[in-house]
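A.B. asks: Sequence:
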Amino acid sequence: MAMLHADDLAFAQRDDILSNEAIATVFDSHLGLSPTSIIASANQGQFHKVYFVKLSQADGHRWSGRDVVLRVARKTIVKTKTENEISLLNFLRDVVPVPEVVFFSADPTNALGYEYNCLERIPYPSLAETWKTLSTGQLDHVLDQFVDIFVKLFKSNAPPNHGSLALDGGSGPVIEETMWQLPDIDRYFHAAPYNLTSETFGTLNPTESYSSWPAYICAFLKTYHHIISIHPNVDFLRDILDPLQHVITALDVGTAPWVCRLRDESALRARLHHRDFHFGNILADEEGTIKAVIDWEFAGMGPSFPARSSLIGNCVDYLAYKGEHALDSWEDEFLARLRVRAPEIAETWVHERDRSAVLGIKGQALSNLREYLRGCLEVGVRRVGRVEMAQGAWKKVVVDSLLVLEE
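Take the sequence shown: its position 330, counting from 1, is numbered 330 in UniProt numbering, and each next residue is one higher.
Derived by calculation from the structure, the hints in this document are not laboratory data. Backbone N, C-alpha and C define an ideal beta-carbon position, used for all residues, glycine too. Incorrect hints may have been included.
[Claimed, not checked] In the DSS-like style, the derived pairs of lysine-lysine whose C-alpha atoms are separated by at most 30 Å in a straight line are:
(1) LYS54 / LYS75
(2) LYS222 / LYS79
(3) LYS396 / LYS362
(4) LYS54 / LYS362
(5) LYS75 / LYS322
(6) LYS54 / LYS222
(7) LYS79 / LYS132
(8) LYS155 / LYS79
[As the list claims (entries may be wrong)] For each label pair, taking beta carbons as the anchor points, the in silico distance ranges come out as:
(9) PHE236 / ILE361: 23 to 33 Å
(10) ASP28 / GLY360: 55 to 65 Å
(11) ASP140 / ASP59: 18 to 28 Å
(12) ARG269 / VAL101: 41 to 51 Å
(13) LYS79 / ALA6: 21 to 31 Å
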């Protein structure tokens with residue numbers, strides 16, 4: 001999950017983001033319809049200001065009198081986040097239940113001053129609100145639908161590269177919540193006392209899609225190496241720069257046996273994952289029939305072994321985080337039903353989820369290097385959170401991983 005500054009979290013709670021007149025102008029320009037009602041949602045997220053909009057009547061107009069949702073994005077990751085979600089919603093329209101796209105703009109310099117998208121409003125609550133009211137049989141129905149959605153996503157013909165989905169249906173740049181986003185670049189790089197004003201989103205983050213998992217990891221390690229080299233708050237990591245560069249070079253050259261094995265490992269192929277599939281993002285009726293899966297902005301193509309790639313794991317973890325353990329058995333039950341429904345997919349997925357078997361010793365070290373170094377930089381640059389852990393235990397994992405990769 002992203003480390004968000006209080007000012008970023010406050011964005012969606014502000015009442016002064018847009019006037020109703022500005023919103024009305026957007027609808028008139030895209031649809032030729034005027035809103036008859038604009039209401040800010042009572043439940044706002046971390047990345048958008050959400051408005052529920054009722055449209056005016058117009059004979060013969062497809063959206064006449066309809067209810068829609070306008071999501072205005074705070075400035076984070078220019079273009080890619082918006083384009084990825086729109087592309088995925090269009091790609092999945094006939095695959096799994098998702099809202100229809102009405103219009104969008106991925107241009108932050110548009111008349112509104114923010115990227116935005118408008119989607120049809122699905123008039124059902126989330127499972128987070130209703131699951132406790134469902135009967136055992138209805139919850140059983142929900143789990144069956146999860147299996148169905150998983151199978152459809154697993155079989156989808158999404159692009160094979162590790163990254164997002166571009167508007168043309170091809171591979172788009174990699175996108176993750178933990179990337180350095182625009183507000184934090186301003187705070188922790190451009191502002192005094194750092195004055196690293198030449199840094200951009202592109203110098204601090206990967207900006208392409210990648211044909212293999214090692215290439216994807218290498219792209220992140222290069223940005224981490226750069227940040228350690230320039231930022232005074234992470235000078236405690238300067239002593240790892242040389243061994244880190246050796247790993248980057250090995251990944252770039254690509255001839256070391258361990259790199260070749262990871263590059264060619266079929267179990268590391270990129271598959272489409274929602275990455276935030278939980279009850280709060282699943283809209284369903286009173287019987288538990290799923291009407292839409294929402295919030296695809298950070299979905300994308302990647303390997304199956306990371307925890308956030310597990311559709312059912314995300315759901316169970318979400319409830320556990322909220323202190324709810326009534327559905328802890330769902331992971332086992334999900335796999336049992338998947339083995340009945342699609343046995344070949346089940347066995348492939350089980351293998352792809354086996355981190356130690358898929359990655360091996362070197363691959364696990366590479367994965368740990370990336371994850372723990374990312375954690376060191378996230379808290380180290382900001383000087384908030386578990387800084388002592390970053391300088392101690394987390395750095396030790398980084399050093400130990402580098403030693404394994406040097407052997």
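A.B. asks: Hint by hint, note whether the structure agrees.
C.D. replies: These are the hints, each one checked on the structure:
1. LYS54 / LYS75: 26 Å, holds
2. LYS222 / LYS79: 23 Å, holds
3. LYS396 / LYS362: Between LYS396 and LYS362 the Cα gap is close to 17 Å, so the pair holds against 30 Å.
4. LYS54 / LYS362: This hinted pair is violated, its Cα atoms lying about 55 Å apart.
5. LYS75 / LYS322: 29 Å, holds
6. LYS54 / LYS222: Distance ~47 Å between LYS54 and LYS222 Cα, so the pair is violated.
7. LYS79 / LYS132: 38 Å, violated
8. LYS155 / LYS79: Roughly 27 Å between the alpha carbons, so the hint for LYS155 and LYS79 holds.
9. PHE236 / ILE361: 23 to 33 Å: This hint holds: roughly 27 Å between Cβ atoms.
10. ASP28 / GLY360: 55 to 65 Å: 58 Å, holds
11. ASP140 / ASP59: 18 to 28 Å: 45 Å, violated
12. ARG269 / VAL101: 41 to 51 Å: 28 Å, violated
13. LYS79 / ALA6: 21 to 31 Å: Hint holds: Cβ distance 26 Å, inside 21 to 31 Å.
The structure shown violates the earlier hints numbered 4, 6, 7, 11 and 12.
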